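A.B. asks: What follows is each chain in one-letter form.
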Amino acid sequence: MRPTPAAPPARRRREGLRALLWLSPWLIGFAVFFVYPLAATVYFSFHRYDLFTLEFVGLDNYRYLLTDDRALTSIGNTLWLVVFMVPAQLLFALGVAWLVTRLKAGAGFFRTVFYLPSLIPTVAGTVAFVFLLNPATGPMNQFLELFGIAGPDWFGDKDWAKPSLTLLGMWGTGNTMVIFLAALLDVPKHLYEAAALDGAGAWRRFRSVTLPTISPVLLFSAVTGVIYALQYFTQAMIAARVASGSTDSPGSSFTPGYPEMSTLTLPQWLFQMGFRDFSMGYACVLALLLFAASMLLTLVLLRRFRGLEEVS
Amino acid sequence: MNRRFLTLATAAVAAAALTACTAGDRSAPALGSQPKPSGSAAAALPAATIELWHGFSADSEVKAFEDAVAGFRKKFPQITVKLTKGVQDDQITQAVRGGTAPDVAASFTTDNVAQWCRSGVFQDLTPVIAQDGVDLSVLPAAARSYTEFEGRRCTLPMLADAYGLYYNKALMKGEQPPKTLSELTALAKKLTVRDADGNIEVAGFIPSVQYYENSPSHLGPMVGARWYNEDGTSAIGSDPAWKKLLTWQKELIDWYGYDKLDRFRKGLGDEWGAEHPFHEGKVAMAVDGEWRNAMITGDAPDLDYGTAPVPVADDRPELYGSGFTAGTVIGVPKGAGHPQHAWELVKHLTTDTGSLVTLSNALRNVPTTRAAMDSPDLKKDANFQTFLDIFNHPKTSTLPPNVNSVFNQEALTTFLVEWEKGSVKDLDAGLAGVDKRINDKHTLSGG
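Which chain is which? The protein sequence lines are A and B, in order.
So the first sequence is residues 48 to 359, counted in this note's numbering.
So the second sequence is residues -13 to 433, counted in this note's numbering.
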């Protein structure tokens, strides 16, 4: 058999250009919305940049990161949310979805009820939550007092503020719940029957049938959940502002993190440094750190879930 | 081909990055480069439409601003002024960056004045002030101080806020307002009412910096505390006045019991609503701005109250009568389309007695010039007069402009929250830590 002759160089070049032409919308978008901002962020990170004037300062912004205790606090808080809030949200959403699949009647009603919180605007939901958990006037602590329990100062105590935000996050997991519900209903019934015939109990069926089958959905939710947690901003800002009593001071410069910087997240500190303190060069260092953390955590998750899929 | 593509792409990204650095550099006439009216020849300015951004948003506030501008329209009928309400500082900065700056912009806070002056977001008014012979000595020193930075006067004060002590006459039981911190402590204890479990029902005075207007910048003048050294570094750790203030404050908090006071504070109504604890008789004495007078008139007209200067350190009696002041600032942003017209409007709003009196009567803020304060048209009673006197007091101080103003205030406030709670064992070391944070940021910002 005669080997296929290689395409002439002119034809190959034409094909290459055509491929580039078809790819160009994506390439342009990628260059404008990803490469350029990333390059600009790296560039500005070596400068003192107050949004108007630019001065090269070498590694000064990176050195400052090592002494900036607020940045370290915000990184710690953000990691806390990744480690505790994301799994709590996923487990809660999975649990609720599983319960809804078990309902014989009224599944549609409960599905709607559990989904509703995610339709409430973030700011309104957060304000309502803080009022609900107000230690002096909120109904939650008054309810707990009926049983002789002195409720905590939910959003006002530095040890309780992040768990309170986690509760708020769990309450609003309607979207994830619906995705999990669809995935759970998609697990082939015959797999459960086969497992049951083999003597598998409920836990074993969940671990060996349900979990591997829904793992792509879990992976998607985990990755988006982690990225969401890394970008956590609005709820922490609103909760801190309302709980601190600084509700609407015109023109005032509210600093996030109340109480005692326990709710200060990395995106908040980045915003504070860049747009409130005009230290945009340093804010770029924080942005690069956030980008690196997102990439790293996503890669770790992909690797972990690949193992789960292989089991499947 | 690949190499050529890469080269082109790199060049494009580099070019884009470099052009991004010139944000806000669009050419627009600078102040002084346009024709100006000589003396009273207002008609010398050509017809134009100029835009003014301000932060007021309530209907009554917006109307007051319109009324104040009406005088300008009469003086310059060929100039149309478009007002945009509810604008925050971020929007002003971004507009200047984006080349869409208004001709005139006003801000409620002085926090960004230093940065705006240094980076040129607002144009230096010094040449036109000299050109027009505007006499700035009609402004108190503090008001002159919070509107300039590093020799650049990029804003002027339009209205001011002064802070004093409000006291509920019914709760005072015939006592006179305190003049020293010792008297304040004694009276606060005397006027505090607790239930059988020791929970606070009425607080004589809440010393916590977490209570509404009790920020360190507002309380500092009670002891004459300094924020910065001459070179811009922090003076908080080295000025004994801060230690004196914090020690006094902590002792009173401990008398209440931090947890009891914290619980009481968190159950209080909104600072900006009708259920403010002072309106409701839950707090006997409180540090607040002059605008509280208007809020009491609106929300609690039957409240029998008085006002006085804030109490001062026992060993600094000369400070009595002074207090903290800051206020609304106004200027001409970089890139303003009609800077000379804009300057005329700024000059009118900041120096015209009729305009200042109109604004003060409507908004119940302190007018900034001596002539406006002395005007027979200015509505004032004894309670409002207190704040005029505080504003005029030679020892009245402000937060010195600093490019890290917000950061520095936050650094101290966050520390004070820990201090109040009792988490800080060594006050000197804690204040030195505050100094370090401020000084590190000072270096990052270029000194």
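It should be emphasised that the hints constitute simulated quantities derived from the structure, not laboratory data.
Just so we're clear, the structure is a prediction, and the values are computed from it rather than from any experiment.
Ideal Cβ placement from N, Cα and C applies to all residues, glycine included.
Check each hint, because a few of them may be wrong.
[Stated by the list, open to error] So these bits of chain B aren't anywhere near chain A, every CB distance computed over 12 Å:
1. Thr35
2. Lys49
3. Gln64
4. Asp97
5. Gly106
6. Glu169
7. Gly255
8. Ala357
9. Glu396
10. Gly419
11. Ser431
[As the list claims (entries may be wrong)] Listed below are the simulated DSBU-like cross-link pairs for lysine-lysine, each with C-alpha atoms no more than 35 Å apart in a straight line:
12. B:Lys366 to B:Lys381
13. B:Lys381 to A:Lys209
14. A:Lys205 to B:Lys381
15. B:Lys230 to A:Lys205
16. A:Lys209 to B:Lys236
A.B. asks: Against chain A, does B:Gly255 hold up as non-interface, every C-beta pair farther apart than 12 Å?
C.D. replies: Violated: least Cβ distance 10 Å, not greater than 12 Å.
A.B. asks: Per the stated criterion, does the least C-beta distance between B:Gly419 and chain A lie above 12 Å, as a non-interface residue requires?
C.D. replies: Non-interface label on B:Gly419 violated, nearest chain A Cβ at 9 Å vs cutoff 12 Å.
A.B. asks: Given the hint that A:Lys205 pairs with B:Lys381, test it: the Cα-Cα distance must not exceed 35 Å.
C.D. replies: Violated, at roughly 39 Å.
A.B. asks: Just checking, B:Ala357 versus chain A, shortest CB gap more than 12 Å?
C.D. replies: Answer for B:Ala357: holds, closest chain A Cβ roughly 26 Å.
A.B. asks: Would the non-interface assignment of B:Gln64 survive a Cβ cutoff of 12 Å against chain A?
C.D. replies: About 32 Å separates B:Gln64 from the closest Cβ of chain A, which puts it past 12 Å; holds.
A.B. asks: Taking the minimum C-beta separation from B:Ser431 to chain A, is that value above 12 Å?
C.D. replies: violated (6 Å)
A.B. asks: For B:Asp97, is the shortest beta carbon distance to chain A beyond 12 Å?
C.D. replies: violated (5 Å)
A.B. asks: Checking one constraint from the list: CA of B:Lys230 to CA of A:Lys205, max 35 Å. Satisfied?
C.D. replies: Holds, at about 28 Å.
A.B. asks: If I take the minimum Cβ distance from B:Glu169 to any residue of chain A, is it greater than 12 Å?
C.D. replies: holds (27 Å)
A.B. asks: Taking the minimum C-beta separation from B:Lys49 to chain A, is that value above 12 Å?
C.D. replies: Non-interface label stands for B:Lys49: nearest chain A Cβ at 17 Å, farther than 12 Å.
A.B. asks: Does B:Lys236 sit within 35 Å of A:Lys209, going by the straight-line distance between their CA atoms?
C.D. replies: The hint holds at about 28 Å.
A.B. asks: Regarding the assertion that B:Gly106 does not contact chain A, is the least Cβ-Cβ distance greater than 12 Å?
C.D. replies: violated (6 Å)
Consistency note: the structure conflicts with the earlier hints numbered 4, 5, 7, 9, 10, 11, 13, 14.
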